[in-house]
Amino acid sequence: AQRVTQPEKLLSVFKGAPVELKCNYSYSGSPELFWYVQYSRQRLQLLLRHISRESIKGFTADLNKGETSFHLKKPFAQEEDSAMYYCALRVGDQGGKLIFGQGTELSVKP
Amino acid sequence: NAGVTQTPKFRVLKTGQSMTLLCAQDMNHEYMYWYRQDPGMGLRLIHYSVGEGTTAKGEVPDGYNVSRLKKQNFLLGLESAAPSQTSVYFCASRQTGTLTEAFFGQGTRLTVV
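In order, the protein sequence lines correspond to chains A and B. Note that the first sequence covers residues 112 to 221 in our numbering. Note that the second sequence covers residues 666 to 778 in our numbering.
Don't take every hint at face value.
[Unchecked claim] Here's a subset of chain B near chain A, in silico, CB distances under 10 angstroms, partners left out:
1) Ala667
2) Val669
3) Asn693
4) Tyr696
5) Gln702
6) Gly705
7) Leu708
8) Leu710
9) Ala721
10) Gly723
11) Glu724
12) Gly742
13) Leu743
14) Ser745
15) Gly770
16) Thr776
[Said to hold, decoys possible] Restraint ranges, calculated between C-beta atoms of paired labels, are given here:
17) A/Pro129 - B/Met692: 12 to 20 angstroms
18) A/Pro221 - B/Leu734: 45 to 53 angstroms
19) B/Gln771 - A/Lys176: 32 to 40 angstroms
20) B/Leu734 - A/Glu191: 23 to 31 angstroms
Just so you know, these hints were derived from the structure itself, not from any lab. From the three backbone atoms N, C-alpha and C, an ideal C-beta is built for every residue, glycine too.
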């Protein structure tokens, strides 16, 4: 079955602390993984995709096929990072639909 | 540079009423999607389309219908609204190809009373 799991509904950290938002996936094919972010009452926007191996707003994510994980990390959290974060898996068949995890709300306290 | 636009932004319906949500994109994208967002459940795919004139069911299609008569528009219909359809609805579009970004609309907040 194709599935994305984000085990934490809420992650609360203090400013300057490291952050790791967990994402695990289940997919028999070659995965394409993304992180989307949704700031308060705004539309979702792309944060990272696994192929680019880039750092956006200080966030990085590494695809670990052995552990079927795509965790999102940032060494020093900022208050403006507070948002909902969604991990998404693109399934190659059936029109390339995106399957989302349940989301993790990140709260960065001052 | 409009991107993906959803109409309306807010709506309150009575149980049994019908309505149509409109999604319009100006990026000439082939793929379009309708999701619903509920607390603790993330985004769940309702229906999607891989091109003009085509539609397919997603994860939670019951109670909804869709049409893609024009490439730029993807309509989501509720024929007889139920309180369980109270949700925030997001439309998204994406170009074909691997690892292409999905662009989202601003959402429609629907309440069924």
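Hints, verified against the model:
no., hint, result
1, Ala667, "violated (12 angstroms)"
2, Val669, "holds (8 angstroms)"
3, Asn693, "violated (16 angstroms)"
4, Tyr696, "holds (6 angstroms)"
5, Gln702, "holds (8 angstroms)"
6, Gly705, "holds (6 angstroms)"
7, Leu708, "holds (4 angstroms)"
8, Leu710, "holds (6 angstroms)"
9, Ala721, "holds (6 angstroms)"
10, Gly723, "holds (7 angstroms)"
11, Glu724, "holds (8 angstroms)"
12, Gly742, "violated (20 angstroms)"
13, Leu743, "violated (21 angstroms)"
14, Ser745, "violated (26 angstroms)"
15, Gly770, "holds (6 angstroms)"
16, Thr776, "violated (15 angstroms)"
17, A/Pro129 - B/Met692: 12 to 20 angstroms, "violated (36 angstroms)"
18, A/Pro221 - B/Leu734: 45 to 53 angstroms, "holds (51 angstroms)"
19, B/Gln771 - A/Lys176: 32 to 40 angstroms, "holds (35 angstroms)"
20, B/Leu734 - A/Glu191: 23 to 31 angstroms, "violated (41 angstroms)"
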